[in-house]
Amino acid sequence: MRRYFLVAGLLLSSLPLTGTCAAQVGPNDTALSPAKMTAIVGGKLLTVTHGTVENGVVVMSAGKIVAVGPAASTKVPGDAQVFDAKGMTVYPGLFDAETHLGLAEVGSDQNSNDLAEPSDEIMPHMHVADAFHAETVRIPVARLNGITNAIVAPASQDSVAGQDAAIQLYGRDRDAMLLGRDIALAMNFEGGVRRKANYDGPAKFPTTRMGLATQIRQAFLDAQAYEAEMQAAAKPDHKGPEHKKDLKLEALLPYLKGEKPVVLSAYESYEVEVAMGIAKEFHLKVILNHVTHAQNILDEIASYQVPVIVGPIYDAPSPDERYDAVYSLPAELQKRGVKIAFSSLGGSGDVRNLPYAAGYAVAYGLPYDEAMKAITLNPAEMFGLGDSLGSLDVGKTANVVVASGDPLDVRTSVKQVFIDGHAIPMVSRQTQLRDQYMPLTKKN
Amino acid sequence: MFAIASAERGCMKLFAAAALVPPLGLLAQAPESAPTDIVIKNATVMTVTHGTIERGSVWLHNGKIAVAGTSVDAPAGATVVDATGKYVTPGIIDPHSHSALGNDINEATSAVTPSMMMIDAFDNTDKALYQALAGGVTTELLLHGSANMIGGQAVVIKNKFGFSRDAMLFPNAPRSIKFASGENPKRVYGRRNELPSTRMGNFEVMRQAFEDAKAYMATWDAYNAKVAKGDKEAVAPKKDLKLEALADVLRGKLFVQIHCYRADEFLTEEAIAKEYGYKVRAFHHALEMYKVGDKIAPTGTGIATFADWWGFKDEAWDAIPWNAVMSMREGVRVALKSDSNDYVRRLNQEAGKMIHYGGATEEEALKMVTLNPAWIIGVDDRVGSIDTGKDGDIVIWNTDPLSTYARAEKVYIDGNLFFDSSLPGLGTTHFHGVMHQAGFDGADDEDGDGQ
Chain A
21 MRRYFLVAGL LLSSLPLTGT CAAQVGPNDT ALSPAKMTAI VGGKLLTVTH GTVENGVVVM
81 SAGKIVAVGP AASTKVPGDA QVFDAKGMTV YPGLFDAETH LGLAEVGSDQ NSNDLAEPSD
141 EIMPHMHVAD AFHAETVRIP VARLNGITNA IVAPASQDSV AGQDAAIQLY GRDRDAMLLG
201 RDIALAMNFE GGVRRKANYD GPAKFPTTRM GLATQIRQAF LDAQAYEAEM QAAAKPDHKG
261 PEHKKDLKLE ALLPYLKGEK PVVLSAYESY EVEVAMGIAK EFHLKVILNH VTHAQNILDE
321 IASYQVPVIV GPIYDAPSPD ERYDAVYSLP AELQKRGVKI AFSSLGGSGD VRNLPYAAGY
381 AVAYGLPYDE AMKAITLNPA EMFGLGDSLG SLDVGKTANV VVASGDPLDV RTSVKQVFID
441 GHAIPMVSRQ TQLRDQYMPL TKKN
Chain B
451 MFAIASAERG CMKLFAAAAL VPPLGLLAQA PESAPTDIVI KNATVMTVTH GTIERGSVWL
511 HNGKIAVAGT SVDAPAGATV VDATGKYVTP GIIDPHSHSA LGNDINEATS AVTPSMMMID
571 AFDNTDKALY QALAGGVTTE LLLHGSANMI GGQAVVIKNK FGFSRDAMLF PNAPRSIKFA
631 SGENPKRVYG RRNELPSTRM GNFEVMRQAF EDAKAYMATW DAYNAKVAKG DKEAVAPKKD
691 LKLEALADVL RGKLFVQIHC YRADEFLTEE AIAKEYGYKV RAFHHALEMY KVGDKIAPTG
751 TGIATFADWW GFKDEAWDAI PWNAVMSMRE GVRVALKSDS NDYVRRLNQE AGKMIHYGGA
811 TEEEALKMVT LNPAWIIGVD DRVGSIDTGK DGDIVIWNTD PLSTYARAEK VYIDGNLFFD
871 SSLPGLGTTH FHGVMHQAGF DGADDEDGDG Q
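Chains A and B are the protein sequences, given in the same order.
Okay, so the first sequence: first residue is 21 according to the working numbering, each after it adds one.
Okay, so the second sequence: first residue is 451 according to the working numbering, each after it adds one.
Hints may contain errors.
The calculated BS3-like cross-link candidates involving lysine-lysine, where the alpha carbons are at most 30 Å apart (straight line), are [what the hints assert, rightly or not]:
hint: 1; chain 1: B; residue 1: LYS536; chain 2: A; residue 2: LYS355
hint: 2; chain 1: A; residue 1: LYS435; chain 2: A; residue 2: LYS95
hint: 3; chain 1: A; residue 1: LYS64; chain 2: B; residue 2: LYS536
Hint data in this document are derived by calculation from the structure and do not stem from the laboratory.
Could you build the full structure based on these sequences and the hints that come with them?
As structure tokens, this is what we get:
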């Protein structure tokens, strides 16, 4: 890491600065000062909520969108900085419904890895916000492709893995970037979490899906009993022993009350059915995750009336399935009225490739506007952030992207990203390396 | 690091796959022969070598490309395929794959295993081949993994899914051998406390192997000299498959395909190649080529790299998505590769990213998944572009193949239709059986298993 900062330091003085802002690369310097009033003019607006505006204006002030509309009828304030987006496409910042941003740096390096707490399966008291490394090199890389918001979730090793955080991909430090701590509970009911089946040592419960299901049920029952005990202990005439605080059980209470969503991961149809059975038993507010190989129960999934983070659509179909059995899943769910979102997990797991998954789903039948929604407004709504994120609407957070063309196309380049109204430096460790070695090429 | 969940799932797939007993008898018996003449008409034809032909036609005759142009002089009886509004490209070529090799990617019991023949592990019913075919992939180089400094010898296949093993081999393709250096051999042997646990160890193991090969060649040279002089008493040295294979490297009979990531390793590998007198055909992964492209270009060594993979290990930490285009601008021949049963299905999109990262032209981008990988494999005289006399390996796409929205609709190999997405079921024309599923996801390095 020391080596990296040295390189970054050398480059600061010589870097050409992009966009409207003269910001530095460093630790989010621009975020220290309030954003200037900026008007993005002349671009094609993909508003997500109210269609496309061919020649539009977006005005941002104090971190909010304050005006959106056609150039003809939208006034550009005289004191606004103008960003000329003629010939470009303007859209709300993208929202990735499941990432591990800030939980791991170099993939193979265990020291940089806080992906999941492997010591036990029922770990609702693990808060990823406590591990979130805001200065990760991975965040600037992702945001340069227009991803401005993400859910940070633990890896799926535990059946109850911990609580997710929602982040903004820019801000002066962790506190500024955390939009929501503990906004959802990550639960996994999939074959892969039975890791004790291959436990290197004496066998340890649970090694089967029945074991996993029983363990999850018992955890929620214990939490219900805990709450009853807590309420009894709070009564003035309480006589028994004093109530002892249990962080693990306490962590489950908001989810038992349906106050916050549970992101419930399952791949196969029978896993989905078992997991939904448990969720119904405890009246959990569910966001289904994956359902990758549950094509035979899509109507049933629609009947649950819960949103779905679909895919990864890059998961391979089974040997008896058609090559596009998973690619077409988003379209099939959307057709049945299911609210869907995409996450970048799967494939190489690179957050910057989020829009391409949505685009590929379009190739396999998902309407374009629904694909845009599935990486903007839908995930924002699923996690209770729909009022402030996910569309170009007055009053929303000024997270806006300007790109050379269609955001879902791999050929498109993002030209400028605004987060909280700041024109963020279009610089990452990777652009620094590029620019450091680019003269080599130019010499020829 | 993002592969943790998928690696777990991979384990589960292994169990699931065990239940699928291979019903070998169900495979297509007699390959159907293709029509003698096929004309694909009214398409946007991306030739790779001589530009794009709008409203163009491609005539396939006896499995070869007869001609491509705005109009072709095909016989009246030709099968006509109307491709109005569609795009036509040569078949996509993957120069780095471990598909269809079951769980037999690495013979990781010794750091030098040059006599391992990947053809002995080739399973032609692996579903990964079908899924790649449906992504427009017609030729693949199936390589040994990267656990060993000197791995095994590759097999080159044409993706004629449904045909027999022998019928899927690329006829007379040059032989390639896989080398590797860096973290994978370090980790595999290091955790056993064996040589090579370091990069110093890495390269010393290689040098010793070639010293052994030279000594072996010398014994044969001496023997042959005696025989030439008429010495009837001369005793032939023992044939040693391992040393024979290494000798073939030194004799220039094997294309050397080297897995390595770092700039310093390219320089070391080239120096060793020079020292022992062999050529490096390509560096695979080569994520830091942008740092030394000007030095590697004159050697003629190509690269097979990822479009934008990075950060999964230390030696991939300096990876940047501009690597391919920056290296190309330095004069290095650049191919993109999958190294994955997933990405092989959309290498066309990976090529499209090169327009975004570095401003490649459409032709330059397409060349990275067609003609350039063909050169790395050594079959660029037969595939990789739409030129008269080349094999009739053709893909018809619904739209521009470099966009996110492209789907391969029809895939021809040697003028024979192997995939047609408009057909019900799998869309295969020659495969009528049950596929195999390897327990392994085909990725070389993603989860660091040293494959």
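Here is what the structure says about each hint:
1. B:LYS536 <-> A:LYS355: Given that 30 Å is the threshold and the Cα spacing comes to 27 Å, the pair holds.
2. A:LYS435 <-> A:LYS95: 24 Å, holds
3. A:LYS64 <-> B:LYS536: At roughly 27 Å apart (the allowed maximum being 30 Å), B:LYS536 and A:LYS64 satisfy the hint.
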